[in-house]
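Peer 1: So the chains spell out like this:
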Amino acid sequence: MTYSSGRLTFVAGFAVLVVLGVVIELIRRRRLHERYALLWIVTGLVMLVLAVWRGALYALADAAGVAYPPSALYMVAGLFVLVVLLHYSTVLSRLSEENKTLAQRLALLESERESARKGDRRAA
Amino acid sequence: MRKAAIVPAYNEARSIAGVVAELHAAHPELEIVVIDDGSTDETAAVARRAGAEVVQLPFNLGIGGAVQTGIEWARRRGCELAVQVDGDGQHDPCEIEKLLEPILSGSADVTVGTRFAGNGTYRPSIARRIGIGVFAGLVSLIVRQRVTDTTSGFRAMNERAIELFADEYPYDYPEVEATVLIFRHRLRLVEVPVTMRQREAGRSSITVFRSLYYMGKVSLALFVGLLRPRPALAK
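Line by line, the protein sequences are chains A and B. Once you know that position 60 of the first sequence is 60 in the numbering used here, the rest is easy, because the numbers rise by one and skip nothing. Once you know that position 224 of the second sequence is 1224 in the numbering used here, the rest is easy, because the numbers rise by one and skip nothing.
Keep in mind that the hints are not guaranteed to be accurate.
[Unchecked claim] Result set (SDA-like, lysine to any residue): computed pairs, CA atoms no more than 20 Å apart in a straight line: (1) B/Lys1003 x B/Glu1097; (2) A/Lys100 x A/Ser89; (3) A/Lys100 x B/Asp1167; (4) A/Lys100 x B/Glu1168; (5) B/Lys1217 x A/Glu97; (6) B/Lys1003 x B/Asp1092.
For the record, the hints were derived by calculation from the structure and aren't laboratory data.
Bound conformation, chain A alone (with noise of 0.2 Å):
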């Protein structure tokens, strides 16, 4: 092996503390919800077993058929990001089904008072 893996150990592992003690933070701070938080700190776990657990990371470069087995811990990085992309992509999808629900329904709730209020001035 010509890398030095207990640097990226070092490093990598550093990484995903900071990245946990973000999400955390963010947590108690209330600006984001447990709900969207949870496939971060998902994320983030599994890649921190990777980075210390370096048997871990060699199995599954091994089996995934990764020469080197760091870019193995890349690839799961970059998948569980898509991960967390697609959520994110249903969740706006929701979003703005509802926020055209809410619009709709505001816009025909308005129409309906200005009848209301024509149909009162007409009856006094």
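Starting from the structure of chain A, add chain B where the hints point.
Peer 2: Relative to chain A, chain B alone:
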């Protein structure tokens, strides 16, 4: 029987008054509602002055969201029939009679005014004709009935269709998907040949980029739609 005329309009201040006046003249029994889809011009005020009810969306939802708003409006009012007419003046209110006839006689749940089945003079550009033709062919295959124009927004519907569309209506460029939806819910669609006019004002919303998005989005919706389970039969 209460009947609604739904007019979706986005920045149509120049043509909307004419459309409302013509509608009223041709069909005084129609309750006209203009759905102002987040216009930045005077569309809502002009339509109100012309005597229409106006439902003003807080921001632009796109044609699908606007039309659905109108259909929900009709449902809340207890309308048993609704006509959809574009706000740009290209649909001739004198043709509405033809759209209503199959519905009133009970032979259709939805009617669509098509520019191709009849003797119309409508000549779209080649690209557009190909696009319309491809989707018409696809939809015809899916619904196993000849459909010639899946882009027309000149439609009429009865109570069953109002119920369906108030709950479920496709987003942007909704006509193709709506056609498939009609058949999947086993409603009867009849195409009626109509002549359409030149737009009174404004430009068509079709550009090259939007055309590509349109093709991709509608194709995806069609194919994924086929993978959905068939809806339960409506009563």
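Peer 1: A separate judgement is required for each hint: does it hold in the structure or not?
Peer 2: Status of each hint after checking the structure:
1. B/Lys1003 x B/Glu1097: With Cα atoms ~13 Å apart, B/Lys1003 and B/Glu1097 stay inside 20 Å; holds.
2. A/Lys100 x A/Ser89: holds (16 Å)
3. A/Lys100 x B/Asp1167: This hinted pair holds, its Cα atoms lying about 12 Å apart.
4. A/Lys100 x B/Glu1168: Judged against 20 Å, a Cα distance of about 12 Å means the pair holds.
5. B/Lys1217 x A/Glu97: holds (17 Å)
6. B/Lys1003 x B/Asp1092: holds (18 Å)
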